[in-house]
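Kindly produce the complete structure, drawing on both the sequences and the hints.
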Amino acid sequence: MIENTEYLLTVLKTVIYGCSLFSGGTLLFLHIFFKETQDVHSKLYSFITRSSLLGIALILVNLGLQVIWLSAGDLSALHDPDMLALVLFSSTGHAQLFLGLGLASIAFASKINYPVYGLLVLAIIPISYALSGHTGFYSPTWLLKIFIIVHLSIACFWVGSFIPLLTLIDQKVETTSDTLERFGAIATVLIPFLLATGVGMAWLIAGGIDGLTTDYGLMLLGKVCLVTLLLCFAALNKLRLVPQFRAGQTQAAKKLNRSIKTEILLVLIILAFTATITTIIPPENLGHRLG
Amino acid sequence: MKSIFSTLLTVLFLITSLPNESIAHTKVTSTVPANEAVLKKSPDEIKLTLPESLKITALKLLDNQGNELTLKQDKNLNPVTEKIAIPPSLDAGTYRVIWRGISADGHPIKGQITFTVSP
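So the sequences go chain by chain: A and B. Quick note, in this note's numbering, the first sequence goes up one by one and the last residue is 291. Quick note, in this note's numbering, the second sequence goes up one by one and the last residue is 119.
These are calculated hints, taken from the structure and not from any lab test. There could be a bad hint or two in this list.
[Said to hold, decoys possible] Quick list of in silico lysine-lysine cross-link-like pairs, DSSO-like style, CA-CA up to 27 Å:
no., chain 1, residue 1, chain 2, residue 2
1, B, 110, A, 223
2, B, 110, A, 13
3, B, 55, A, 13
4, A, 13, A, 255
5, B, 47, B, 83
[Stated by the list, open to error] Which stretches of chain A does chain B cover? Using the computed rule of at least three CB atoms under 8 Å from a CB of chain B, they are:
no., segment
6, 39-49
7, 84-97
Treat the numbers as computed from the prediction; the structure is a model and nothing was measured. Note that the Cβ used here is the ideal one computed from N, Cα and C, for glycine as well.
Following this line, the structure appears as structure tokens:
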């Protein structure tokens, strides 16, 4: 039970990461490609709402599970007001409530169609992750916080493109090939920043090359391999499948659809790696494992 | 667009100005029994000495089957620098002590030691 709580926390964290990136990212995509996505707005807003509500529900479950984790597997702690207050008023509790607030605001984004509201709400997602996690424990903290915010904002943009692009391809919207090309052009500029901030955070947290031989470092290297694979699919889309789609080749839509779905699967595995890193395998010098 | 950009920049500045939380993660000073100790008799007490005040939320003793053994301990959640629990008389075997807590800045922590009582 005690160890199982940790694995359950990891699974929950993975899905919460997914919900926040997919709902926030899709909203971001709608703001950037407002005109191009007009035909599929209602479908995408419905996805955003469902994804946000799932995220909120899982945050509540996660808070309960943290109470059980803190009591080392004791279910009766869920009835203990002191333990509940302890979790809610911890830094992790605050960050999760902040994220929940962000997801709730995102869920209402379709009702408040105002770009500044949308962008402020979106800022909550990377900020809530900057409030917790390993980036707060290392120096220079300010730089790590900038790295995580930039890293997650770009990840949000990338991940948020999957569902809208799949929907546009599926609905055979006329401007889809233009949207695909414009998205590819923006992503080409942003992805180097995503990689640079990722490498920067890993370097500062793992403590350089030596840190890569620890369990934490090996997990990071695993994540890097998956990101490299993801980049290969992104490159395949941009350089081959999107031009084929634009040229109207018969199988191009199907191939593009399959490639984006593979990207989604890879992102989910990457998020699972990230959740494991932040829950079960912390950096060696962080001292989570007291004694 | 300018107003959006300046709002986001302000938020970014505020977040990066948040205080550092690194004091939360310091290693336990000592434990009784020591980690991986081999004891000739059952220990009289289990003691954690911490370098800073922590709220210990759980302290459990498990046998090598993973069964929990009752520890006599004060279960309040006040911050402490030392936590003591009295175990029952232990037979020969390997035991695991696990604990969970929350540091002064509210970050969850965990730890464990194992020890053996020799026959």
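Here is how each hint holds up against the structure:
1. 110(B) to 223(A): 25 Å, holds
2. 110(B) to 13(A): Cα-Cα ~18 Å, so holds.
3. 55(B) to 13(A): Judged against 27 Å, a Cα distance of about 24 Å means the pair holds.
4. 13(A) to 255(A): 31 Å, violated
5. 47(B) to 83(B): 6 Å, holds
6. 39-49: Violated: only 0 residues of the segment 39-49 of chain A have a Cβ under 8 Å from chain B.
7. 84-97: With 7 residues close enough to chain B, the hint holds.
Going down the numbered hints, you'll see the structure goes against 4 and 6, while the others check out.
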